[in-house]
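Trainee: Residue numbers (the numbering used here), protein chains in the order written: chain A, 1 to 372; chain B, 1 to 66; chain C, 1 to 162.
Hint data in this document are derived by calculation from the structure and do not stem from the laboratory.
This structure is a prediction, so every number in the text was calculated from the model and none was measured.
In silico DSSO-like cross-links for lysine-lysine, where the CA-CA straight-line distance does not exceed 27 Å:
#1 K175(A) <-> K30(C)
#2 K207(A) <-> K48(C)
#3 K39(B) <-> K207(A)
#4 K137(C) <-> K148(C)
#5 K37(C) <-> K39(B)
#6 K95(A) <-> K85(A)
Given next are the chains, with one letter for each unit.
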Amino acid sequence: MVSTIKPIKIFFSAIIMLFSFVQFSNAQELGAENNGDVHHSNQEEKEFNASELINEHIGDSHDFHIADWKGHAISMPLPVILWSKNGIITFMSSKFHHDNTGEVVVEKNGEKFVKIHEQIYQINEGENAVILDNENIPTNASRPLDFSITKNVFSMLMSAIILILLFSAVARSYKKNKNAPKGIAGFLEPLVTFVRDDIAIPNIGEKKYARYMPYLLTVFFFVWINNLIGLVPFFPGSSNLTGNIVFTGVLAFITFIITTLSGNKNYWSHILMPPVPKALYPIMIPVEIIGMLTKPFALMIRLFANITAGHIIILSLVSLIFIFKTVAIAPVSAMFVLFMSVLELLVAALQAYIFTLLSALFIGQAVAEDHH
Amino acid sequence: MVLAGIGAGLAVIGAGIGIGKIGGSAMDAIARQPEAAAKIQTAMIIAAALIEGVALFAVVVALIAK
Amino acid sequence: MNLVAPESLVFWTTIIFVALLFLLKKVAWKPILGAVKEREDSINEALKSAENARKEMQNLNADNLRILKEARIERDAMLKEAREMKESIITEAKGEAQAQATKVIEQAKSAIESEKHAAIAEIKNQVAELSLKIAEKVMRSELSDKNKQIKLVEDMLQEVKL
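Just need the whole structure built from these sequences, with the hints factored in.
Mentor: Structural data, given as structure tokens:
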């Protein structure tokens with residue numbers, strides 16, 4: 001038992017240690033971000049741009065920004081994996097030297113790449129520098145397929161590893177301890193039984209729920225832990241993964257696939273042969289099909305918007321200090337940030353619950369037997 | 001920008017009224033039948049989530065349209 | 001918001017999520033749900049058996065009470081019987097003793113009577129014999145002196161006292 005818990009304990013104490021100093025670095029980051037922007041873009045504006053900062057934070061990036069120190073950004077380089085015309089090209093994102101304007105050209109295998117607003121472009125053959133039009137869109141470069149390990153992918157991998165460590169430790173603890181669960185199992189087991197007894201069984205039904213349990217449990221804990229990681233305001237956390245519409249879209253799409261594949265005769269007859277007069281079929285069938293598609297769409301938007309909104313609010317409250325350029329606002333701002341952070345803790349769990357609940361509901365509708 | 005803000009605000013008003021009604025009715029129902037609290041809560045959260053989804057559509061559209 | 005490399009996120013999310021799903025299913029969900037189910041079953045079973053034991057206990061108690069009651073009744077009956085028997089034995093014994101006693105007394109009486117008769121008969125015999133002897137003596141003295149004879153008879157008679 002002790003040996004299985006140990007790596008987790010080490011992990012958590014590492015997180016707590018990080019927490020103690022990154023509060024400071026977080027403030028640094030926010031303050032210095034402005035400087036950093038000025039430094040890199042060589043523009044004269046000294047104005048603090050809150051919406052740019054927020055956009056940067058809720059978006060993805062090719063390197064993991066940790067802090068700024070004396071005008072220099074400190075970040076963890078992440079691998080860039082590109083699928084260009086000539087095959088796969090990989091290099092570390094540090095080769096761009098934090099450049100986001102397309103000035104630094106990385107040459108690899110005879111191909112030239114630049115990074116503009118976190119987007120990587122490949123310069124057309126025969127040219128050496130990127131030419132931007134008025135809207136900062138390159139005219140002589142195109143986007144290769146980008147499979148880089150971005151900040152979001154990195155934190156997703158991290159959350160997957162945490163989940164596997166955590167739950168394999170729980171599973172192992174059951175082999176030794178047949179009595180009431182203790183320690184980490186005692187904390188996680190009620191959540192597992194909650195997903196089973198309050199989400200799966202009432203919505204899918206006693207007979208069929210077991211097949212969908214792995215998916216529901218995985219999606220619940222995956223969304224939840226990523227929501228929580230997003231709330232950690234410093235290095236291993238702070239990524240806005242569950243507030244990224246692509247990520248939520250993929251999860252919603254998986255729910256849609258499971259729902260569609262497990263739809264029984266009753267489900268399809270409701271969509272293709274609704275119980276209305278035949279004359280209404282040209283209206284009803286498209287409506288039913290649209291209804292089928294809006295469900296995962298709403299699932300995608302809900303999670304994305306909730307988490308992004310939380311991040312935006314917290315960042316806006318912090319930005320107030322820099323907008324008003326006074327320390328006097330800091331206590332007020334800090335109080336509100338604390339309040340919002342606590343609220344976001346609730347929202348993190350609630351959104352994971354709602355995502356899982358609605359997935360279970362849709363699956364339940366698909367497998368429900370006719371009881372008319 | 002201002003119009004987007006107004007749009008988002010209008011959507012939030014609608015969602016606020018809707019979720020408030022759901023919450024109020026759920027409280028009524030729980031007070032009337034405390035033994036069914038768990039079921040009512042689940043139904044309440046589902047309904048609130050659906051309304052919230054619509055409101056979030058509006059907010060997202062407002063933000064994109066800015 | 002700027003979507004940085006959406007294809008990357010689509011690709012990695014799909015791969016990581018599906019891999020996580022299968023890995024967790026194998027490593028975690030199956031053993032955890034299995035263990036939870038097992039424990040729930042065992043708890044249910046334990047509760048059921050406890051309930052059964054309680055019922056059995058109740059039955060046993062009822063049985064015990066019934067047996068106790070029966071035993072008490074039996075005991076009472078036995079005591080009553082014993083008492084009756086005692087009474088009857090006592091009365092019987094009394095009657096017998098009475099009868100025996102009367103019988104003994106009767107016998108004694110009859111024995112006394114018969115002894116008395118015998119004694120009287122013997123006395124009579126002796127008196128007769130004595131009378132004969134007296135008569136003989138009287139006869140002899142008669143032969144010598146008449147007065148003397150009478151006197152003798154009187155003496156003799158005085159001598160003999162019944």
